[in-house]
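Note that the protein sequences, when read in sequence, are chains A and B.
Read in our numbering, the first sequence has 159 at position 159, and its numbers run on one by one without any break.
Add 283 to the 1-based position in the second sequence for our numbering, that's all there is to it.
Be aware that a few hints might be false.
[Said to hold, decoys possible] Chain A is faced by these chain B residues, among others (derived, beta-carbon under 7 Å):
| id | residue |
| --- | --- |
| 1 | 330 |
| 2 | 439 |
| 3 | 558 |
[Said to hold, decoys possible] A few chain B residues facing chain A, derived, Cβ under 8 Å:
| id | residue |
| --- | --- |
| 4 | 312 |
| 5 | 375 |
| 6 | 379 |
| 7 | 396 |
| 8 | 399 |
| 9 | 402 |
| 10 | 414 |
| 11 | 424 |
| 12 | 428 |
| 13 | 489 |
| 14 | 536 |
Quick caveat, the hints were computed from the structure, so don't treat them as lab data.
Even for Gly, the Cβ is constructed at its ideal location relative to N, Cα and C.
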Amino acid sequence: MTYDLSRQLKSRVNSTLLYVLVAVICIYSFSPIIWLILTSLKADPQVHAVPVEYLPSPPTLEQYFAVFRRAPFHLFIFNSVFISAAATVVCVGVATLAAYPLARLRIRGKNVLLVGFLLISTFPLISMMVPLFEIFRELGMLNQRITLILPYAIFSLPISIWILTAFFREIPSALEDSARIDGCSSLGALVRVVFPLSAPGVATASMMAFINSWNEFTLAFSLITDRVRFTLPVGITLLRDQYAMPWGLISAGISIAIIPLVFLIVVFQKTLITGLTKGAVKG
Amino acid sequence: MSDTRKTHSTAVYGYQSRVRRLLSGDLTEGELAILLLLPAIVLIFSMVIYPVGRLIWLSVHEFRLTAPHDTPFVGLGNYMEMLQDDRFWSAMRVTGIYGVGTIVLPAALGMVLALVVNRAFRGRWLARLAVILPWAMPHSLSALTWSWLLDTSQGVVNDMLLRGGLIESRIHWLGEPDLAMFSLILATTWKTASFVALILLAGLQSISDEFYDSAAVDGAGPFQRFWRITLPMLRPHLLIALIFRTIVAIQLFDFPYALTKGGPGISTRPLSLYVYRVTLGHLNFGYGAALAIVMSLIIIVLTVTYMRVLRER
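So here's chain A without its partners, still in its complex pose:
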């Protein structure tokens, strides 16, 4: 009886402690973002008020309208969506093709290739900037939207190949063999059996590639100088005017830029974590 009671007490204390920790984590993680949203809902004088006024009174969407008036913000959004989506498709497409032989086929030099793909990601982006700058200048491709697609696809390629290789290994090869017996060609077995079964891996890799591309700043900042071709991170960073930082506008801009990210995480949280669980263990 006393034992039971003390145990109950202990679990009560434990769960309270857990919730306190969770609350601390939520406050810690969310507060910068909540502050952005609050700022984005204030009118300009209130944004810059000293001492700080915490709640927007009255709340207004003025900053959100202003950000579209002040900069070609609709183009920033279009550029970001277009470039990130294209880079994701290229990256995951190429990674899916490459991961299959790496996971399945008995070929020589397989491990060398796998390690090689991993080493690629150790080359810092900033050090690639000059050669990439030159290549694209030679090709006359500086300052264009499509310029960013291939480099972005490459940067997410190692992690995508890695996640997908792990997924392909988990699919029993008996399934493929029976497809072959039913008259599928080797390519046919791949397309009809293996790819559909690895959908969660493809989803995880796509999410990684999309978020990486959506967020990239350094290269976009160096290769693109024409305002109408800026991506969101560059466009928002350069909203500043000469005299002061327009924090209201910037907050509104950032809030818009992170909407798709919040959406992706809420919807694909489970897929992402499972995808990484498999990907990481086998890596």
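Dock chain B against the given chain A, drawing on the hints supplied.
Just chain B now, with coordinates in the frame of chain A:
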């Protein structure tokens, strides 16, 4: 003569049947492997191998964009210049301090975050969103957000500390060398602990409950369970998190660029910002390339060291 013709016709026949076989999509394993790997290899060659080769070439030449046709070979000249360059050593020091800070702190914090949100409780999705969201946020925009929070006169951090009576006058978070470095590390930790947590959370999910059950039977306490089961089982995930964290920490550009611009002076300017300055500011591509290669080498050495230390055993 007839022999040659025979061989020739067999070759033609073999070639034709091979094309027919390829078109029907029925390939040998080797052919399939090459076909499937080809796009990745082409992409990597054009966007990585060639640029790295070009980078190495640039690093042993004097190459300024202001005089693009006058590019004498200077051997290791650019590298020797580095040894005498105070700004380079300052950048190395900053990268070192910043690197250690933004690898160790996020790793420790990420571990705590992962352990908490791995538990089952109501509203866990919200806690997981809290843990994952900073990872998904762009570096550049998180950095911008922090420069707003830490603003000396209008920033909410100073305001809260003042109201709470914790400080008497406003703190110049980004205005003094040591303090600026401290703020930079803390802000970066907010953003990057999230990535470590995500990878470790995935790792925790793969540890079977049986291990903990049998440990509980043996009477192991929570700390023992952590040291004896969780940490060893998480080794591969920790390795991955550390590798990627290091790659990003050494080359991180966005946070120092948005928060301090390397200032005050050059007191918080890491290698990445210096490479940027030399290359796109001074248009000195040769020296910039040499700096970039040193940066890559640091990352490669660290990565290989982690692999050695954490893979063995």
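Hint check results:
Proximity of residue 330 of chain B to chain A holds as hinted, the smallest CB-CB distance being about 5 Å (cut-off 7 Å). Interface restraint check for residue 439 of chain B: the shortest CB-CB distance to chain A comes to about 6 Å, inside 7 Å, so the restraint holds. With a least beta-carbon distance of about 5 Å to chain A, the hint placing residue 558 of chain B at the interface is held under the 7 Å criterion. Taking 8 Å as the C-beta contact cut-off toward chain A, the hint placing residue 312 of chain B at the interface holds, the least distance being around 5 Å.
Given hint, residue 375 of chain B at the interface with chain A, is violated; its Cβ is 15 Å from that chain's nearest Cβ, farther than 8 Å. Violation of the interface hint for residue 379 of chain B is found here, the shortest Cβ-Cβ separation to chain A being roughly 16 Å, above the 8 Å cut-off. A hinted interface residue such as residue 396 of chain B counts as satisfied when its beta carbon comes closer than 8 Å to some beta carbon of chain A; here the least separation is about 6 Å, so the hint holds. The beta carbon of residue 399 of chain B is positioned within 8 Å of a beta carbon in chain A (closest approach about 5 Å), and the interface hint is therefore held.
Interface hint at residue 402 of chain B: satisfied, since its Cβ lies 6 Å from the closest Cβ of chain A, which is below the 8 Å cut-off. At a threshold of 8 Å, the smallest CB-CB gap from residue 414 of chain B to chain A is about 7 Å, leaving the interface hint in force. The interface hint given for residue 424 of chain B holds, since its Cβ lies 5 Å from the closest Cβ of chain A, which is under the 8 Å cut-off. Because the beta carbon of residue 428 of chain B sits about 5 Å from the nearest beta carbon in chain A, less than 8 Å, this interface hint is met.
With 8 Å as the threshold, the beta carbon of residue 489 of chain B comes within range of chain A, its nearest partner Cβ sitting at about 5 Å, so the hint holds. The interface hint given for residue 536 of chain B holds, since its Cβ lies 5 Å from the closest Cβ of chain A, which is under the 8 Å cut-off.
In summary, the numbered hints that this structure violates are 5, 6.
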